[in-house]
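K.L.:
Below are the chains, spelled out letter by letter.
Number of protein chains: 2
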Amino acid sequence: MAKSNNQIRIAIDAMGGDNSPFSVVAGTVMGYRILRSEVKLFLVGDTQWIKKELVGLKADNLPIEIVDAQEVIEMGEEPAESVRRKKRSSINVGMTLQKEGKVDAFISAGNTGAVMASSLLILGRLEGVDRPAIAAYFPTEEGIALVLDVGANSDCKAQHLFQFGVMGAIYSKYILKVKNPKVGLLSIGEEQTKGNELTIASHKLLDSSDLNFRGNIEGFDILKGTVDVVVCDGFVGNIILKFAESTEGFMTSLLKKKIRGNLFATFGAFLMTPAFKCFKQSLDYAEYGGAPLLGINGVCIICHGNSSPKAIKNAILVSTDMVRKKVNKIIQEKLQEDIAISKPLSKKVRKIWS
Amino acid sequence: MAKSNNQIRIAIDAMGGDNSPFSVVAGTVMGYRILRSEVKLFLVGDTQWIKKELVGLKADNLPIEIVDAQEVIEMGEEPAESVRRKKRSSINVGMTLQKEGKVDAFISAGNTGAVMASSLLILGRLEGVDRPAIAAYFPTEEGIALVLDVGANSDCKAQHLFQFGVMGAIYSKYILKVKNPKVGLLSIGEEQTKGNELTIASHKLLDSSDLNFRGNIEGFDILKGTVDVVVCDGFVGNIILKFAESTEGFMTSLLKKKIRGNLFATFGAFLMTPAFKCFKQSLDYAEYGGAPLLGINGVCIICHGNSSPKAIKNAILVSTDMVRKKVNKIIQEKLQEDIAISKPLSKKVRKIWS
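These protein sequence lines map, in sequence, to chains F and V.
All residue numbers for the first sequence refer to my numbering, where the first residue is 1 and numbers rise by one.
All residue numbers for the second sequence refer to my numbering, where the first residue is 355 and numbers rise by one.
Hints are computed from structural coordinates only; laboratory data are not their basis.
These numbers were taken from a predicted model, which means no experiment stands behind them.
Worth double-checking, as some hints may not be accurate.
Stated by the list, open to error - Straight-line distance between alpha carbons at most 20 Å, and here's what the computed PhoX-like set of lysine-lysine pairs gives:
hint, chain 1, residue 1, chain 2, residue 2
1, V, K578, V, K533
2, V, K596, F, K242
3, F, K194, V, K596
4, V, K533, V, K683
5, F, K280, V, K612
As the list claims (entries may be wrong) - To give an idea of the interface, some chain V residues facing chain F are shown, with a C-beta separation under 8 Å as derived from the structure:
hint, residue
6, G505
7, F589
8, K612
All C-beta atoms, glycine included, are put in the ideal place defined by N, C-alpha and C.
With these hints in hand, go ahead and build the complete structure from the sequences.
P.N.:
What follows is the structure, encoded as structure tokens:
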């Protein structure tokens, strides 16, 4: 696993996800064909299975390495316990490669909780970060918004939400290339006195920081694209994410019911097929690869369980970018600067946002 | 304001909402024309304005009474403070009519917070209810689901969520005519150990009650129609409600963008117009009137700020039903039975659900 010059080394969990190892192996091959010598890719999992997939894809001659891992943490397994028990699971093996400095990033479409637990256990947190967060992309009228946390932390304190804001803004600026990203606190009223105890306390911290903080936003602001970074605890974020993911299917099935039996409408829908496809694509989370796990001492992208090869390929592109841009170093420096969270935060002189 | 036989008396806030008094007066007239002598309706607000609207609608000869109230609590005003200051506001006057036994129900499309504050101040809570809750209707693949609380309580305790479950189930059974309504706790994982501190504690209470409790549900379960009653705190509920309300507009605008410039798709969309209209109707909150405020010592329906006449009309139908079915009496009896919340709740012998 020698590192040649400036190559980014990425391990991909071949066993995670509903369509593994096919989707993951196919996505890895797609990623390799785009990035070529820029990256060194490692598929982690059952060697025989992976080899078979590579042969099937006529990609067994590519310089993609296989790292054997015989255990699999299934989607329904209890995360913390299975991570501790299945030492040779693809998730643990991939995470350990990163811990040992053999790869720079790890991608998994497996059990989200297990990826979280394994990353905390093996890689640990960045200095200055109390709680790593999962950041998800939401399509908006203006482009995309990053929402965090979407499930890593059910019960949060104000300083956690503040750190989510900082991490999200840095990711938005360096990876999504948003200049001076607007940060909003998800709440239930515009005024800073509106919300629950957590958001009222968090508002103060965010407001006294040097973030481009736009105050409280409401549920309808997410899709409107009012801000680039939406800060919330992982309980609220996870519910909103899962609700959002379900809306497209719901609306499609409702529309189909209304069309049924109406000849004109059916023909109309046929004529609209390309527009509908294009519409679905805009809502397709695969476009964005996966959700970065921010705040751990490493680079880790969590992909959706039903990730397509395209999603895996995009996750490879994003993680390459995260390593190149040294996103973790920037987060750590910024949060160590802001670490005295109990003191009122002064508007910082050194602006990193614009 | 004499009560003739079995007539239900309803006061309607003519000043609340974006299109007041037109929408409210028109909706009240629609409601009267359906229910006739079953109801006695009172429009509360500026007498001159209301009269003018009634004349415009050629409805000034109908037996709809006007109760003068010269003050208006605007949408942006601080609720508690404005309720205390504006004694003669339409909201306070309408609520007082109910307190004095002159009407049986009150409907407002005005400032939600002010309606809440005024109802608590003037009517108070039902015995056994710690926190009244606003219940909203969500369209689902199976019909509709009732979600509560959607904004009355930002920070809740387990017994509050338990009471929301009971109130929602009673409303679902008696007003929405659902037999043995399924109750779900909105959380971030199926297992009872998943969620935040609040939901884990609430799960225990709900599970040991005689409700048809189906355990935790996730964000995607709401639209799927997994349960009839979705229990959550008002912070989460309000964010989900506002997010949900924004999805249809977002999807429509996105679809329009994809159609633009494509002749076939444009023609297809034209052919689909009736289906689209029918689709929008299914998502239209006006179909359900408004959100009942459950747990106060009275009947109160909060309508959306931009309520159409149809929404007001439907709110009149629903509140008539709530009074006739004695929903409050059932809630109070049920919760007084369950009041010893600190003791483990036994499976009750007397089933009221099926």
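K.L.:
Against this structure, judge whether each hint is valid.
P.N.:
So, going through the hints one by one against the coordinates:
Distance restraint check for K578 (chain V) and K533 (chain V): the Cα-Cα separation of roughly 18 Å lies within the 20 Å cut-off, and the hinted pair is therefore satisfied. Taking the CA atoms of K596 (chain V) and K242 (chain F), the gap is about 15 Å. The hint holds against a cut of 20 Å. As the CA atoms of K194 (chain F) and K596 (chain V) are separated by approximately 15 Å, the hinted pair is consistent with the 20 Å bound. A C-alpha spacing of about 19 Å is found between K533 (chain V) and K683 (chain V), which places the hinted pair at or below 20 Å, so the restraint holds.
Restraint check for K280 (chain F) and K612 (chain V): satisfied, since their Cα atoms lie roughly 10 Å apart, inside the 20 Å limit. The beta carbon of G505 (chain V) comes within 6 Å of a beta carbon in chain F, closer than 8 Å, and the hint placing it at the interface holds. The closest approach between the C-beta of F589 (chain V) and any C-beta of chain F is roughly 5 Å, which is under the 8 Å cut-off, so the hint is satisfied. Contact between K612 (chain V) and chain F, as hinted, is supported at the beta carbon level, the nearest pair being about 4 Å apart and thus within 8 Å.
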